[in-house]
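**Q** Work out the full structure, taking the sequences as your base and the hints as a guide.
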Amino acid sequence: MPISPLFNQLFSRSPVAPMQEHMKVASQAAAEIKGYLDAVIDGDWVLAKTLGDHIVKLEDDADDMKRKIRLSLPRSLFMPVSRSDLLELLHAQDRIPNLAKDIVGLTIGRRMVIPAELAPAMRELVEWAVKPATVALEALNELDELITTGFSGKEVDLVSAMISRLDDVEHEADIKQRILTDQLFAMEKSLDPVDVMFFYRVIDWIGDLADKSQTVGNRMLYLIAR
Amino acid sequence: MGVIEDYGSTLLLLAILFGFFMAWGVGANDVANAMGTSVGSKAITIKQAILIAMVFEFAGAYLAGGEVTSTIRKGIVDPSLLANSPELLVYGMMASLLAAGTWLLVASIYGWPVSTTHSIVGAIVGFAAVGISPDAVQWGKVGEIVSSWVVSPVIAGTFAFVISLSIRRFIFGAPDAYVAAKRYLPVYLFFVGYMMSMVTLTKGLKHVGLHLSFEESLMYSVVVALFIVGLGVIGLSRIKRVTRSDQLDLVNVEKIFAVMMVFTACSMAFAHGSNDVANAIGPLAAVNSIIESGGVVGAKAATPSWILLLGGGGIVAGLALYGYRVIQTIGTHITELTPSSGFAAELAAATTVVVASGASLPISTTHTLVGAVLGVGLARGISALNLRVVGTIFVSWLVTLPAGAGLSILFFFLFKGIFGVG
Numbered sequence: 001m002p003i004s005p006l007f008n009q010l011f012s013r014s015p016v017a018p019m020q021e022h023m024k025v026a027s028q029a030a031a032e033i034k035g036y037l038d039a040v041i042d043g044d045w046v047l048a049k050t051l052g053d054h055i056v057k058l059e060d061d062a063d064d065m066k067r068k069i070r071l072s073l074p075r076s077l078f079m080p081v082s083r084s085d086l087l088e089l090l091h092a093q094d095r096i097p098n099l100a101k102d103i104v105g106l107t108i109g110r111r112m113v114i115p116a117e118l119a120p121a122m123r124e125l126v127e128w129a130v131k132p133a134t135v136a137l138e139a140l141n142e143l144d145e146l147i148t149t150g151f152s153g154k155e156v157d158l159v160s161a162m163i164s165r166l167d168d169v170e171h172e173a174d175i176k177q178r179i180l181t182d183q184l185f186a187m188e189k190s191l192d193p194v195d196v197m198f199f200y201r202v203i204d205w206i207g208d209l210a211d212k213s214q215t216v217g218n219r220m221l222y223l224i225a226r
Numbered sequence: 001m002g003v004i005e006d007y008g009s010t011l012l013l014l015a016i017l018f019g020f021f022m023a024w025g026v027g028a029n030d031v032a033n034a035m036g037t038s039v040g041s042k043a044i045t046i047k048q049a050i051l052i053a054m055v056f057e058f059a060g061a062y063l064a065g066g067e068v069t070s071t072i073r074k075g076i077v078d079p080s081l082l083a084n085s086p087e088l089l090v091y092g093m094m095a096s097l098l099a100a101g102t103w104l105l106v107a108s109i110y111g112w113p114v115s116t117t118h119s120i121v122g123a124i125v126g127f128a129a130v131g132i133s134p135d136a137v138q139w140g141k142v143g144e145i146v147s148s149w150v151v152s153p154v155i156a157g158t159f160a161f162v163i164s165l166s167i168r169r170f171i172f173g174a175p176d177a178y179v180a181a182k183r184y185l186p187v188y189l190f191f192v193g194y195m196m197s198m199v200t201l202t203k204g205l206k207h208v209g210l211h212l213s214f215e216e217s218l219m220y221s222v223v224v225a226l227f228i229v230g231l232g233v234i235g236l237s238r239i240k241r242v243t244r245s246d247q248l249d250l251v252n253v254e255k256i257f258a259v260m261m262v263f264t265a266c267s268m269a270f271a272h273g274s275n276d277v278a279n280a281i282g283p284l285a286a287v288n289s290i291i292e293s294g295g296v297v298g299a300k301a302a303t304p305s306w307i308l309l310l311g312g313g314g315i316v317a318g319l320a321l322y323g324y325r326v327i328q329t330i331g332t333h334i335t336e337l338t339p340s341s342g343f344a345a346e347l348a349a350a351t352t353v354v355v356a357s358g359a360s361l362p363i364s365t366t367h368t369l370v371g372a373v374l375g376v377g378l379a380r381g382i383s384a385l386n387l388r389v390v391g392t393i394f395v396s397w398l399v400t401l402p403a404g405a406g407l408s409i410l411f412f413f414l415f416k417g418i419f420g421v422g
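Line order of the protein sequences matches chains D and L. Residue numbers for the first sequence follow my numbering, beginning at 1 and rising by one. Residue numbers for the second sequence follow my numbering, beginning at 1 and rising by one.
It cannot be assumed that every hint is accurate.
As the list claims (entries may be wrong) - Ranges of calculated distance between the beta carbons of each label pair, as one might list FRET restraints: (1) D:Arg70 <-> L:Val154: 29 to 39 Å; (2) D:Glu88 <-> L:Val399: 34 to 44 Å; (3) D:Ala225 <-> L:Val154: 28 to 38 Å; (4) D:Arg13 <-> L:Leu231: 32 to 42 Å; (5) L:Arg169 <-> D:Glu88: 22 to 32 Å; (6) L:Val251 <-> D:Asp182: 42 to 52 Å; (7) D:Val196 <-> L:Val251: 45 to 55 Å; (8) L:Val251 <-> D:Glu117: 48 to 58 Å; (9) L:Pro402 <-> D:Ala225: 41 to 51 Å; (10) L:Val399 <-> D:Leu87: 34 to 44 Å.
Calculated directly from the structure, the hints in this document are not laboratory data. Computed from a prediction, not measured in an experiment: that's the story for all the values here. Where a beta carbon is used, it is the ideal one built from N, C-alpha and C, also for glycine.
**A** Structure (structure tokens):
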């Protein structure tokens, strides 16, 4: 006899765990950018290619997961958070691996050579730019606990604290980005103009990694604040 | 009176068979819904759920099942119209049992969520209105029952909502949720224990021959409730805080709720037994009273204990043989329910059902529990609920009532044809 009791139909699969899985992949893609750019700075294109390929694969996986989550969120679902807020959060999460993939594409495509004078500031920026993604993942991992406690009490304080730490890290990354662009500006006349143009762009994108991670934190605040 | 005298024992035997079949169906299907939430939130294992269900379904049926049984037995059909043809009432009740049981079986095969309560009430109203005469139905009482079907999930939902908010306020909102949980949860236990024993003592124990005044019931209920609180405190004292880090402390709190859910699972099984066993044995009791008295309709005798025992036994048999698998299906499916939300939902549903049992109203335990779960959801306690279920319930209502009625009309005329009119 096929059995389909009413309760099986009542409880839908929670989107929380898949969202956390997605963010895990997203933050991994961000984290791997660090090793990848190290290889680029060192001019080791063989290693860079391997690491870059893996980042592209992570982006693919994240896309897949995103699609599945979207399909599993019909309007008839009744959730403690608004459906559109959740989809916005997912969108924000998905920007992170997309950026990582873009960074890989641009640097490999142009075989971008980082001037030795800029390398220290570049490494510094990368290190700070990938940190917020880890903090965002930490915050997102509290999403199920937030639901358990009904978005109240200590749990909210805990997550709010994480998100304000996220803001601090992002701010630090901003500072590192300014330092690097200042250095680039000072020497841009001595470099090939086209290289400089794309160089500015890749610096922007690296900084964006931190930015988008911060957006994830902000979207989480929307969920909490309903 | 010829039929009753000629075929009395055959008819009674058949009625017992049908009643047992129906009770079996209740045990196989309905109990699973009552226990599934506990298993799903990992508060208890399936084996424990079966054991709890066996003991407390039986206790609920035997100790507090009398009121609803008498509603099914003599509340829906007006016996005065049938004084001269008691065999019609016997046929009708047998037809109702067979109809509801058959419908339950068909529904299980196709996986439709139907309520045993709705099938049996539909069946009784059906044979009475068509087989006898529309005047034979006590429409006032039927109206009361039907409106209770709407009201009970709403009340359970409201109740669950309030309980969720109070848990949030007093426990999760506290500076130390773990300490707060240990301090406040026994209060909830007292409340459950008190409600259960109050309803049982004031309404249920008449057939055991125990008559207590209101004050005595009140006193004994407090004693029983305190005893349950004591058990709870012992259970809680065995829970130790594993980790103390801020982030993992919730695990400890949920463990406490898991212990509490053993108690709510017991009360859920008790409540279910007190209300739903009547669906199987109410008609049987009616048949028995007519045949025992040699054809007198509406004899004053209380529902005999052996019938309550038979109902309890049937439920246990269904549960042991088949309900196991249904609980397993539900339990493995509901992985999103945390012990704290399950606690709130079961507490609300069990209380609502027991109060309905005390008020002699046959309601659907499953629908009440769904209402309670939605109430917890409204309080932002469950991560994803499928609202289409509300539509499914509505459709199952629309189908079950006429289906139960139609089948019982069919069987009624069948029995009338076989045994004749005396």
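**Q** Please name the hints from earlier in the document that this structure breaks, with their numbers sorted from lowest to highest.
**A** Those not satisfied: there are none.
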